[in-house]
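Same order as they appear, the protein sequences are chains A and B. Taken in order, the first sequence gives residues 21 to 485; the numbers are from our numbering. Taken in order, the second sequence gives residues 21 to 485; the numbers are from our numbering.
By construction, these hints were calculated from the structure, which means they are not laboratory data. Just so you know, these numbers come straight off a predicted model, no measurement behind them. Incorrect hints may appear among the rest.
Copies of the same chain look alike in the list, so a pair counts if it fits in one copy or across any two.
Said to hold, decoys possible - Cross-link-like lysine to any residue pairs, in silico, SDA-like; alpha carbons within 20 Å at most:
hint, residue 1, residue 2
1, Lys347, Phe45
2, Lys240, Ile273
3, Lys422, Phe333
4, Lys94, Leu455
5, Lys347, Thr89
6, Lys94, Arg206
7, Lys414, Thr64
8, Lys347, Gln50
9, Lys422, Ala468
10, Lys240, Gly186
11, Lys240, Asn166
12, Lys42, Leu152
13, Lys240, Pro274
14, Lys387, Glu57
15, Lys240, Phe271
16, Lys240, Arg184
17, Lys42, Glu419
18, Lys294, His93
19, Lys240, Asp190
20, Lys94, Asp67
21, Lys414, Gln287
22, Lys414, Glu246
23, Lys240, Gly272
24, Lys94, Thr63
25, Lys294, Glu246
Protein chains: 2
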Amino acid sequence: MARITALPRNETGIETVIGILKQRFGDRLQTGQAIREQHGHTTTWIDNQPPDAVVFPTSTAEVSDIVRTCAEHKVPVIPFGTGTSLEGHVNAPAGGISVDLMQMNNVLAVHAGDLDCVVQPGVTREQLNTHLRDQGLFFPIDPGANASMGGMASTRASGTNAVRYGTMKDNILSLEVVMPDGEVIRTAQRAKKTSAGYDLTRLMIGAEGTLGIITELTLKLQGIPEAISAARCSFPTVDAACQAVMTTIQFGIPVARMELLDVIAVQAVNAYSKLDLPETPLLLLEFHGSEAGVAEQAEMFGSIAEEHEGTGFAWTTSTEERNRLWKARHEFYWATLQLRPGCTALATDVCVPISRLADCVNAATAKAEEMGLFAPLVGHVGDGNFHISPVIDKTNPAEVAKTEEFTAWLAELAISMDGTCTGEHGIGQGKRAYLSRELGQAPRYMAAIKAALDPLGIMNPGKIL
Amino acid sequence: MARITALPRNETGIETVIGILKQRFGDRLQTGQAIREQHGHTTTWIDNQPPDAVVFPTSTAEVSDIVRTCAEHKVPVIPFGTGTSLEGHVNAPAGGISVDLMQMNNVLAVHAGDLDCVVQPGVTREQLNTHLRDQGLFFPIDPGANASMGGMASTRASGTNAVRYGTMKDNILSLEVVMPDGEVIRTAQRAKKTSAGYDLTRLMIGAEGTLGIITELTLKLQGIPEAISAARCSFPTVDAACQAVMTTIQFGIPVARMELLDVIAVQAVNAYSKLDLPETPLLLLEFHGSEAGVAEQAEMFGSIAEEHEGTGFAWTTSTEERNRLWKARHEFYWATLQLRPGCTALATDVCVPISRLADCVNAATAKAEEMGLFAPLVGHVGDGNFHISPVIDKTNPAEVAKTEEFTAWLAELAISMDGTCTGEHGIGQGKRAYLSRELGQAPRYMAAIKAALDPLGIMNPGKIL
């Protein structure tokens, strides 16, 4: 991959830092090849660039200590959560120290009366929701993977529930961050709103670890709805499904989830998850509210679907049935890989204004077909966000070249529709080429902020900018 | 006011810039004393510090031209909207050029299908909602004053509807900004979500014009609800009212507005707006949704109110009745001033986690009474945000000293409860003393960002930091 290059290494600094940290952290510093490779990028076709060592801190003070030591010797620091990011965020193109935050995995406080909680960055989505369930609360952001809260904040993750509950940027009240000089700051108090100075909370959300390491998060919570119902509905074409989605959003129906799967995606999950969904474009939906509210929403959606030739609209309030559907949706990525064993999937991530959804989806599927790519499509279509994912043999240069051509074409298409090349996966290494294309001169000011907060350039180098 | 001091002036630069701009802008550059004073702070007890000139651009290119000229000669630039900010944001402590954006007041596009619109910064809240009404849409943020969108974004405004719809930070998709070097950037595309790089949109929201001038805003819109009902309910004490509020929020009832008025505030609006509300602590509420949903919400709130000794719970779907109530609420500030003619009100603005609301309100009212301050209280209590506003004779040093003591005490109290000294008014000049107290070392990094983006320090100097 031409765009994933190595950066100059500070060999002396790295050696010195490993020596110092080894003394302090003992077995909690690892330099074995397997563990190092596991802490480089492993999820998509982007090459693995392992760090020189992996350290496992258990407290903010230890993270601060690591960062101070690395700053003193100008050594790269790469924060690591579950490693489920898709754009090479955890790679170490200049080597350096991977800071694995998964031992900082405590839920520190649940303030049920305030509908918030305080967690360490290694707490995962499933762990948190299991912890909260007894109190009738949940954290709504669900990117599919059982990612860590620190990682989800760092990539401004969203996923299936965002259409109703927003993204990570909408669900974090405050962060504790170890800054690039090792100082520990809190970006805000726990109040629900504030206008006290620059919004450092939102600046750190989506910064992909390039401005500091998140060591604590105060998250907004939601009450588990009185009623939840899941529904599915088949459509003759992806266009018809998209038209139904656009109408639903424009009518302001507060759907909690609205996911599109195209025919190949349905075939993949049927095979992988042993389901028998009709093999046509499919919408999976979820409604949250009171019993009456959920029934009202489902009925309204049913009418819209009917107008757009939707068939087989069926809804269920059975938790088991619902979980089965969403599990299948979440396993889509692995299901896809099984369709072409030994291959890799490249999940594109464009997001366009909802009125352009059908245009963008139609153009993307037509282009993939025209190029002979095998590329199933799923999408958080209520937000105008979808992933069409060529499954390719990365040892075949022709397939790789074709896929690169397709992803570049798709990014341009989304941008031309006033959309983004990345709705939720972030820039990382994989999408750096498109940032200026999308935002013109704005990245120049991002670079100025980066230089001001991380003058040594040690925080997750080679990402975003 | 000891804390509002003048800063060193660049006389030569200011004179040169006025000469250059006079040639370019003719009568659209004004230097008369009345207009200059009107463009300094006029709303609270903070002294007026007029700019040296006021310029009225009509396009982004003109704003860019003004900023470039000022940058070249190191002259302060102070963006100006409707001048309704409360913390001295539009003062010119080092002199300079006030950029009045009210001639840039066009709604540039309404994308009804995407539930968004693009506006210039001088568009006011009422103007926008009048423009949108025919299309069944509205912009939900309502700080009371008929403020401009640019100003509302710059102070991260919120107000009565925030409990349901969030603050300005939650309702802006993208900004066009003239940066301190005169460059024009767009912070994001129009897609509903993005993870493309640092969140410059949110960085500019609440930056109070210290990092650039907002020249265009892409705003999220809402469909006008099928049903809206307003309600009021009286309580024997503010504590009882706060308990009802806390329970309502904890139950997740999606109230659209929930405003508290204490006895003095009710008396003030009764007198000013010729109403006959019962003179006890009062909650004003609004519910948005379907006919059935609104009825359900009102009924649930009714039960909660009853448990907390609420009386006279009455709700209405009459638009006229509803508008009369909210007009009275919005006129509270002027109503208050009429209670002590010739005096000034100082609106405090603390916001605490909802579970601490009753504690904070009770302590604040007791302290004001103990100090002999005449201080009505209103609040966006669903967010834990309230304004207790001493009405004082600013020519009386004893009253001024007492009020300063009270506001400092209240800021400390809110901070000790994990709250903020400013929920929605911003820092400006008036609250600079509390920022470090609230956020520790974080303002140091805000200062680094400021220095990186505005190395000459020309953008609205003397505010926030």
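A quick look at each hint next to the structure:
When the C-alpha separation of Lys347 and Phe45 is checked against a cutoff of 20 Å, the pair qualifies neither within a copy, at 39 Å, nor between copies, at 63 Å. In this homomeric assembly, Lys240 and Ile273 come within 20 Å of each other (Cα to Cα) only across copies, at 16 Å, whereas the closest approach inside a single copy is 23 Å. Taking identical chains as interchangeable, the C-alpha atoms of Lys422 and Phe333 are never at most 20 Å apart, the minima being 37 Å within one chain and 67 Å between chains. Within a single copy, Lys94 and Leu455 get their C-alpha atoms no closer than 27 Å, and across copies no closer than 32 Å, so neither meets the 20 Å cut-off.
For the homomeric pair Lys347 and Thr89, neither the shortest alpha-carbon distance inside one copy (43 Å) nor that between copies (59 Å) is at most 20 Å. For a Cα distance limit of 20 Å, the shortest separation of Lys94 from Arg206 qualifies neither inside one copy, at 24 Å, nor across copies, at 33 Å. In this homomeric assembly, Lys414 and Thr64 come within 20 Å of each other (Cα to Cα) only inside a single copy, at 10 Å, whereas the closest approach across copies is 66 Å. For the homomeric pair Lys347 and Gln50, neither the shortest alpha-carbon distance inside one copy (34 Å) nor that between copies (65 Å) is at most 20 Å.
For a Cα distance limit of 20 Å, the shortest separation of Lys422 from Ala468 qualifies neither inside one copy, at 35 Å, nor across copies, at 44 Å. With identical chains, the CA atoms of Lys240 and Gly186 are at most 20 Å apart both within one copy (11 Å) and between copies (13 Å). Taking identical chains as interchangeable, the C-alpha atoms of Lys240 and Asn166 lie at most 20 Å apart only when both belong to the same chain, with a minimum of 18 Å there against 30 Å between chains. For the homomeric pair Lys42 and Leu152, neither the shortest alpha-carbon distance inside one copy (37 Å) nor that between copies (63 Å) is at most 20 Å.
Both within a single protomer and between protomers do Lys240 and Pro274 lie at most 20 Å apart by alpha-carbon distance, with minima of 19 Å and 15 Å respectively. Proximity of Lys387 and Glu57 under a CA criterion of 20 Å is satisfied in neither setting, with 35 Å inside one chain copy and 61 Å between copies. In this assembly of identical chains, Lys240 and Phe271 lie within 20 Å of each other by CA distance solely across copies; the values are 15 Å between and 27 Å within a copy. For the identical chains of this complex, Lys240 and Arg184 are neighbours both inside a copy (14 Å) and across copies (14 Å), given an alpha-carbon limit of 20 Å.
In this assembly of identical chains, Lys42 and Glu419 lie within 20 Å of each other by CA distance neither inside one copy nor across copies; the values are 43 Å within and 62 Å between. In the homo-oligomer, the alpha carbons of Lys294 and His93 never lie at most 20 Å apart, since the shortest distance is 53 Å inside one protomer and 71 Å across protomers. Taking the shortest alpha-carbon separations for Lys240 and Asp190, both the intra-copy value of 8 Å and the inter-copy value of 14 Å come in at or below 20 Å. For a Cα distance limit of 20 Å, the shortest separation of Lys94 from Asp67 qualifies neither inside one copy, at 24 Å, nor across copies, at 48 Å.
For the homomeric pair Lys414 and Gln287, neither the shortest alpha-carbon distance inside one copy (23 Å) nor that between copies (75 Å) is at most 20 Å. Taking CA atoms no more than 20 Å apart as the test, Lys414 paired with Glu246 passes in neither setting, with 47 Å inside one copy and 53 Å between copies. With identical chains, the CA atoms of Lys240 and Gly272 are at most 20 Å apart between copies only, with a shortest distance of 13 Å across copies and 23 Å within one. In this assembly of identical chains, the alpha carbons of Lys94 and Thr63 never lie at most 20 Å apart, being 28 Å within a copy and 50 Å across copies at closest.
Taking the shortest alpha-carbon separations for Lys294 and Glu246, neither the intra-copy value of 30 Å nor the inter-copy value of 42 Å comes in at or below 20 Å.
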